[in-house]
Each structure stands twice: as structure tokens, then as C-alpha cells.
Amino acid sequence: MSEHLIPQRARIAEIIDETPDVKTFRVEFPWDPPFDYMPGQCAMLSLPAVGEAMFSITSSPTREPMEFSIKKIGRLTDVLHRVEPGQEIGIRGPYGNGFPVDAMKGSDLLFIGGGIGLAPLRSLINYCFDHRADYGHGHIIYGARSPADLVFKEELFENWPEVDNVDVDVTVDAAEGQKWDGPVGFVPPFLEELDPDPAGKIAVTCGPPIMIKFVVQSLEKMQYQPENVITTLEKRMKCGVGKCGRCNVGSQYICIDGPVFSLAELERLPDDY
Amino acid sequence: MKPRVGIFSLSSCEGCQLQILNMEEELLDLVQAIDLVSFREAMDPISGEYDIALVEGAVTRESEIPVLQEIRRKADVLVAMGACAAAAGVIGLRNLRSPEENLRRVYGEHPDVADDVTVARPLDEVVEVDYYIRSCPIDRDEFLHLIKSLLMGKEPYDPNYPVCVECRIDENVCLYDLNDGEFCQGPVTRAGCGALCPGFGSACMGCRGLVDDANVESMIDIMVEAGIDEREARRRLELFHAGPEGKKNDNGED
Amino acid sequence: MDTAKVVGKPAFASFIERQAEEVSVVAPVARAAGEFSYGEVQDASSLEEEEYIPTLSSPKKYLLPPQEALFRFSSPADSAVHEGEELEYTADVEQKRRILLAVRPCDIAAIHRMDQVFSDTEPDPHYLARRRAAIIIGLDCLEPCDELAFCAAVGTSDADEGFDLLLTDLGEDWLVRVGTDQGAELLEECQEIRDATEQDLQRLKDVVQAKEKVFRKCQERLDFPGEDIPEVLEGSEDSPVWDEYGDRCLGCGRCNLVCPTCFCFDVEDTVSLDLKEGERTRRWDGCTLLEFAAVAGGENFRRERSDRLRHMFLHKGKYGPERYGDLYCIGCGRCARTCLAGIDHPEVYNALMRHRDKGDDHG
Chain A
251 MSEHLIPQRA RIAEIIDETP DVKTFRVEFP WDPPFDYMPG QCAMLSLPAV
301 GEAMFSITSS PTREPMEFSI KKIGRLTDVL HRVEPGQEIG IRGPYGNGFP
351 VDAMKGSDLL FIGGGIGLAP LRSLINYCFD HRADYGHGHI IYGARSPADL
401 VFKEELFENW PEVDNVDVDV TVDAAEGQKW DGPVGFVPPF LEELDPDPAG
451 KIAVTCGPPI MIKFVVQSLE KMQYQPENVI TTLEKRMKCG VGKCGRCNVG
501 SQYICIDGPV FSLAELERLP DDY
Chain B
353 MKPRVGIFSL SSCEGCQLQI LNMEEELLDL VQAIDLVSFR EAMDPISGEY
403 DIALVEGAVT RESEIPVLQE IRRKADVLVA MGACAAAAGV IGLRNLRSPE
453 ENLRRVYGEH PDVADDVTVA RPLDEVVEVD YYIRSCPIDR DEFLHLIKSL
503 LMGKEPYDPN YPVCVECRID ENVCLYDLND GEFCQGPVTR AGCGALCPGF
553 GSACMGCRGL VDDANVESMI DIMVEAGIDE REARRRLELF HAGPEGKKND
603 NGED
Chain C
-6 MDTAKVVGKP AFASFIERQA EEVSVVAPVA RAAGEFSYGE VQDASSLEEE
44 EYIPTLSSPK KYLLPPQEAL FRFSSPADSA VHEGEELEYT ADVEQKRRIL
94 LAVRPCDIAA IHRMDQVFSD TEPDPHYLAR RRAAIIIGLD CLEPCDELAF
144 CAAVGTSDAD EGFDLLLTDL GEDWLVRVGT DQGAELLEEC QEIRDATEQD
194 LQRLKDVVQA KEKVFRKCQE RLDFPGEDIP EVLEGSEDSP VWDEYGDRCL
244 GCGRCNLVCP TCFCFDVEDT VSLDLKEGER TRRWDGCTLL EFAAVAGGEN
294 FRRERSDRLR HMFLHKGKYG PERYGDLYCI GCGRCARTCL AGIDHPEVYN
344 ALMRHRDKGD DHG
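Chains as they are written, first to last, in my numbering: chain A, 251 to 523; chain B, 353 to 606; chain C, -6 to 356.
The reader is advised that the hints may include incorrect statements.
[Claimed, not checked] List of simulated lysine to any residue pairs, SDA-like, C-alpha gap at most 25 Å: (1) B:K506 - C:T83; (2) B:K506 - A:S501; (3) B:K506 - C:R90; (4) C:K269 - B:K426; (5) B:K426 - B:A466; (6) A:K463 - C:G291; (7) C:K54 - C:R90; (8) B:K506 - A:K463; (9) C:K204 - C:E292; (10) A:K322 - C:E292; (11) C:K89 - C:E136; (12) A:K463 - C:E136; (13) B:K426 - B:P463; (14) B:K354 - B:V383.
Simulated from the structure, these hints should not be mistaken for laboratory data. All of these numbers come straight from a predicted model, not from anything done at the bench.
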């Protein structure tokens, strides 16, 4: 890994507009080869002089190229959203624990995503689908603010529903005059309405903290056990290697010990996440 | 292409413009990086084209409002430069009395010599402001940081932690420990100045404005304990931000 | 025990003076208002400072400077920022030999904790290079330095390790305990030094024993044994004590900035005016500051001052011990000394203990 926190040189090969404020960046490595990673792991991306931030890796390690889907939300991402393909970036990683893909083998999988939270889930979803025989039934429940805010539309509506033994349900908070003939409503009640059976199932949820909070309440109501509910935590990170203290929750550092935690693990942490 | 930068003055002492001229070492590099198209109060601000407008001073006259609105209309980016532009500054102290009372006190029998005087307002009460350079006067390094950030299209860094942070890093002996009559506002004032005043043994007077979650009541307790009465402590805290907003929060105390 | 030597004070002073000609020697230097700060010295007078209280900043600043460049980047293109081809990254690690003189046991304990953090997981090359280049000559405290210290309550009033050399005042002489090979090697340059005799060691034993009594009041600042701090903090998350102190807290970060075990940092890029070269810089940060736990988009996981104050105490007293095995409060009292709102760690711990005993937190 990178000494002195010096990033590896890489280049943005292609930029895909997902929504008005989310773009997917395909990264190529013309200099040194890329690092290996697993679903749920993260990387620090930087633009020289602009800054550095932690992003979850959106692509599955089973597929190339490496991708990051990034929402325009701060100082670095504002600039990232303006760069052109060919832009050199700095990258270092992988960081974090990743999803427990081995422990999840043999289980049915329930993926619950909200907004840009589908980014880390997409890595896991495609990884599991590329190892289809290792996992049971797959159920993807996803919601965004409006139809225009849905990310990965091609996968959501074309690719994933075609995968064997997979259901995909998509909702939007409000359609607001946009073309949409699907369900309307927030993710937690949508989830309760679909009421997927907890038996033999592991639920993985990623999204805005407020959505995760209510999804977790819904799952508990539906009798999911805390050790079978998995989520990811978000914090600002400055180093990625458990030093800068920014992502500290309890005795844990999200950059090392997370970002993936089971609900059972979270119950042992203080509530400031 | 180099961005075109206009520098404009409203009601102010022009000390912030002077700070830019004082950057002897960097001035040549600066004019390499940007195209200065207007840099004098006397120049007609309506003329010329510019991408970035740096405006010093507070709005204190009706006639300044259309000028500022025109600057805003023409500029892609508008920066409030200095304490007066950012928070009404020292000029804002006039808001502790009504405009009529101020005119009567200053001009006596002839208040009509300045007939369009209003309350003093920071720029953002009249137009939208994109960025702020705080301080009275502005800090040269912060000015350069802003220019570089704008060149990169990056949001400039605007510290939201108090002066004490920079003062502790510099290991200054705290003025409250020296106990020599300085009532420092460092604990509640935005940093970015490098703790300039306390570093020279003078109390921070709060020229950069309050940090976002300033514990003003605790600050007043500390100043009172150090030897001034509460009324005086509150007045001192108002020195640089007694703008219309500051006045509203003051429970009508004068 | 480690080997021990005895040297007359004048001989040791001239040894330090000679060292100061060769390498940087830093020690507590008197400032205004009875304060001290570490700075370059040319002699050993700091060792005999009678009015010493803990320095404004701890010697941590020589290992983790308040601000330092992690690396530099540059580009021969018109702009490293927008073009960036052939971007070069370079890092310089500072390896300047430096003697940290008259480091008190509490600060020796603090450096040990900093070592834990910066050697853990992915070791930090900048910190470790400075650490390796540093020689610690400790100075045992024979009495508490001031009324705010509570080192004896958290077990840091004596140093058993973490120093290269440790000096104990035997009147005319220094008893020098040798903690490392590096210390032994350095001592070879000291003249008129001899091995400690049985008699010297007995004098040391007497001095150390006398400490126990002298430090009793310091120890009693905490109403319970220091090793119980993690247990007292356990389940204190909803204690009303945090609101009470949070109301007073200025959220100004002073406690973090003077703390010898606070290691958190922020990272920011700086760039030249022509945008062709710049640095990625880290600088001290503090968890009691408003934006420490804020993330892009505006969410702040510890928005209230009481939340942040609680996090700081829990990090020192519970999370640190859980992760690294040691209390991350070393009892120097710097935080209380600098706090304008008068928040004092033992007082807060005692209040938490009382509330817990009364059973009025959630338990």
C-alpha cells in the first residue's frame, strides 16, 4: 500500500451521467497496475491541489474497469463533476473490510438501497451474480427521490431482472411530473409492503443515514435478526489507515474496521454514526 | 484564459484593497494569473467586463444598492472582501442607533447633506454572495488562497473553528493567563488569521465574526470573570458584527 | 532493572552543552505568566527548573508537528491541476537528530501512546522517522508539578520505560537510568560518570518511595482508581453530566490542541499561484471542534458540544484503552489548565461516578 499516503497515478477513462448529480467514473491505470479489492471496500480518490476523499468502489472485482459512482456534494466532488475523460487522478486503496461475501454464501440475499447508496451495493450485487451458484434468491429493493435520480437504470430495469432467480423492485419518493408508472413512496414502507421473508436471508442496506435508520426499524419489525442485517457507515476520512481519527466511532475506525457492519455489531457501538 | 477580476469598494476605509497592493512579493505572480480589470474606487464599476468581483465595504447608502446589484449581475463569482462586506464590520456599529439619530449627531442642523444613508448592511443582505474573505483588513494569504481556489474552480477553505486553535498551535501564552486587561474573543471568533492579534499580545476583537456554534454566553462569563461587566462584554462582542442581524439578536440592549 | 549510572550535575550539564553543539536539544523553557514551552536550548538549566508546570504544548510537536507536508506534487505541464500529465509525487521525511530533554514521566507515557497509534496497521513513515531520530532524556518528578495534574491517579507519575535515559535528582548528582541501547551509547560521551553503587540504588529507592506520599493528594483528585475509568465511562453515553459540561464548553478545541495524546489530523492541499506544484498537508485537528464529525452534504454526527466533549472523554478513557490497551489520558492536566470554561477531567470523571452510583443515567 501507499507510503506517505501518496496516491497511485490513474486516469479517468470514461464518465457516465447517471442522474443530474451522480456520475460514474471509469478509471484506467496506464502506469502501475490497479490494486485488488473486494465488494464494499473503498478507495481514496484525489485531484492534486483540490483534495482527497473516500469513495466506495462501485464496480465488482469480477468485472473491469474499476468504477466509482459519485454524487456531487462537496468541494472535491464539485470539481470531479467538471473534469473531462483523460484527467489524471490519484487513487489509493483498497480500504475497509468489505462485505462478508464468504459468510453470505448459501443465503438468500435482500439488497435495500436508497439514492447513491446503490453504489456500494452494485459491487456486491454484480459480484454475487457473477458467482450465481454460491448464493440463493436475490431481491433488490431500490428507491430514489424521483425517477431522474435513479442510478444504474440499465442494470435496474434490463440486466438484473434477467438474472436467474432475481426480483427487482424500484420505487421513487415522488414522480413530480416525470414519466413513471412504477410504485411511489419511501423505501421503508415499500419494503414492509413487499414483506420479504427473513428465513435464510441476509439483508444488506446502503443509503442515506436517515433511510438506513428506518429500513433497520422495518427489518426488525419483520423479524430479521441483527446478525443478518448488514449496512455501511459513512464518515469523512482523511487518511484511510486509522490515524486521522475522523472516522472513529467507539473503539472502531470505519476505514479499517468498517465501513461494513452487521446490526449486531452496531448495537455495541455508541450512537454517534 | 485568465479570469478577469474587478475589485470594488462600497463604504469602507479601503484598507482591504491596500492589503492587496501590499503583497509586494506575490503581486507579479498575481497579475500573471489573473487579469485585473478594475482596481480603483474611482473607476466606474458599471464599465468593463469581469468574471470575478471582489467587493469591499458595507452597503450604507441607498445609492450603493443598484451599484452592487449591477456588479452582481455582471460577475460569475462575487466575493465579500473584509469584515465590512462580510458582516457590516465596524461600520455596522452605526446600527446601534437609528440612521436619523446618527445624522443628527454627526451633521447637527444639516442632516440632509447625506440624505440617502441607511442602516449598514453586509453584502449578503442585498445580493447573493458566493465566498467570503473575512478579517479587518483581509489577510494576504487568505486572499491568495481564494484566488488560487477560484482558478481551480474549487470552493475556498473557510475555517469554522476559533482563533484559539491557531493560538494554541503557536503556543502563545493565553491573554487570560497574562491577566493584563485584554478581553480576548479568540474562543468564539473564526480562525484563519493565524491568531495575529493574540500573537502580538492584543486581544482578538472578533473581526472575522463568530464561529457557527459559538458559545457566546460562556464567552461572556469568561470575560466577566476576567474583570469587565456583562454589558461591556456584550458591547465588545458586537464590535464587528452589530449589523441589522446582530442587532436583532441583542434583545434590544444598547 | 535497567542499568543505572551516577554523574555529578556539572558534568552532566557540560555533556548536554556539548550535545547542543552537535544536535538539536529541546527542553522546557520559561515563558510569561509562569508558563513553559519546549524550545531549543544550549544548556541543561531546564533540568533544575523549580517552578515547572507542564508545557503549553507537549513534546509531541517534535514527532507530529502541528502542520507538515505529507508529500509534494508537481507537473511540468501548464497546470498540475487541470492537465496533470507527468505528475510527480515526492515525499521528504525529516530525520533530524534531536534530544528531547527533561521530558516528564507523563509525557514519556504520552509518547508511548503516540507510538502505538502511529505504528499500528499502516505505520506512519513521517512520525516514525522523527521518532527514531529522537532521543528522550526523561526527568523524574519528585513532587506534583501543580494542582491540576493527576498523573498519580492514572499511573503515569513514574516512568519505567519509554525513555532512552531517565534522570532522578539525588541532590549533587543525577542518577541516570538507561532505558535503551541508544541511551547507553549516548552516555559514553558523558564524562565523570560511574556505575551506580548499592548505596546509590538505595538512595533512588528512598526517593521513589517518598514520591508515593508526596503524590497522594494528586492521586486523590480522582475518587476511584484510574484503571476503573473505562468502567465508569461504560454506559455513560446518556449521562446528564455531558449536558452540564457541554453547556459550559466553548467547543474551541483548546483541550485537544494541548493534549499530548491527541493525534487526529486534517488534510488539505495547497498549491502555488501558477498551479504547477503543491503539497498535501496534514495539520492537528480536534474532536471538540464543530466540523470534526461533519461529512460532505452537511450531516454532522456530533453536532452538539456535549456530544463532542463526550467523544473526547470516551476516546481518552474508553475507546483508546479498548483499542490499544492503555488509558489515553496521562493526567498532565494541560486540558484543564488551558480550558477557559474550567472543565477539569478528574472532576468530570468523579461526577460521572457519582451519577452512576446514584443510578440516574440509563445504566
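Going through the hints against the structure:
Between B:K506 and C:T83 the alpha-carbon distance is near 23 Å, which keeps this suggested pair within the 25 Å criterion. Under the criterion of a C-alpha separation no larger than 25 Å, the hint pairing B:K506 with A:S501 is inconsistent with the structure, at around 34 Å. Straight-line distance between C-alpha atoms of B:K506 and C:R90 comes to about 39 Å, which puts the hinted pair past the 25 Å bound. Between the alpha carbons of C:K269 and B:K426 the distance comes to roughly 30 Å, so the proposed pair goes past 25 Å and is violated.
Note on B:K426 and B:A466: the hinted pairing is violated, with a Cα-Cα distance of about 28 Å set against a maximum of 25 Å. Our distance criterion of 25 Å between C-alpha atoms is met by A:K463 and C:G291, whose separation comes to about 17 Å. Proximity of C:K54 to C:R90 is assessed by CA-CA distance (about 15 Å); at most 25 Å being required, the pair is judged to hold. Taken as a hint, the B:K506 and A:K463 pair is broken in the structure, with Cα atoms around 33 Å apart against an allowance of 25 Å.
Restraint check for C:K204 and C:E292: the C-alpha separation of about 50 Å exceeds 25 Å, so the hint is violated. As the CA atoms of A:K322 and C:E292 are separated by approximately 15 Å, the hinted pair is consistent with the 25 Å bound. Taking the CA atoms of C:K89 and C:E136, the gap is near 33 Å; set against the 25 Å cutoff, the hint is violated. For the hint pairing A:K463 with C:E136, the CA-to-CA distance comes to about 53 Å; that exceeds 25 Å, so the pair is violated.
For the hint linking B:K426 to B:P463, the alpha-carbon distance of about 34 Å lies beyond 25 Å, and the restraint is violated. Restraint check for B:K354 and B:V383: the C-alpha separation of about 9 Å stays at or below 25 Å, so the hint holds.
When each numbered hint is compared with the structure, violations occur for hints 2, 3, 4, 5, 8, 9, 11, 12 and 13.
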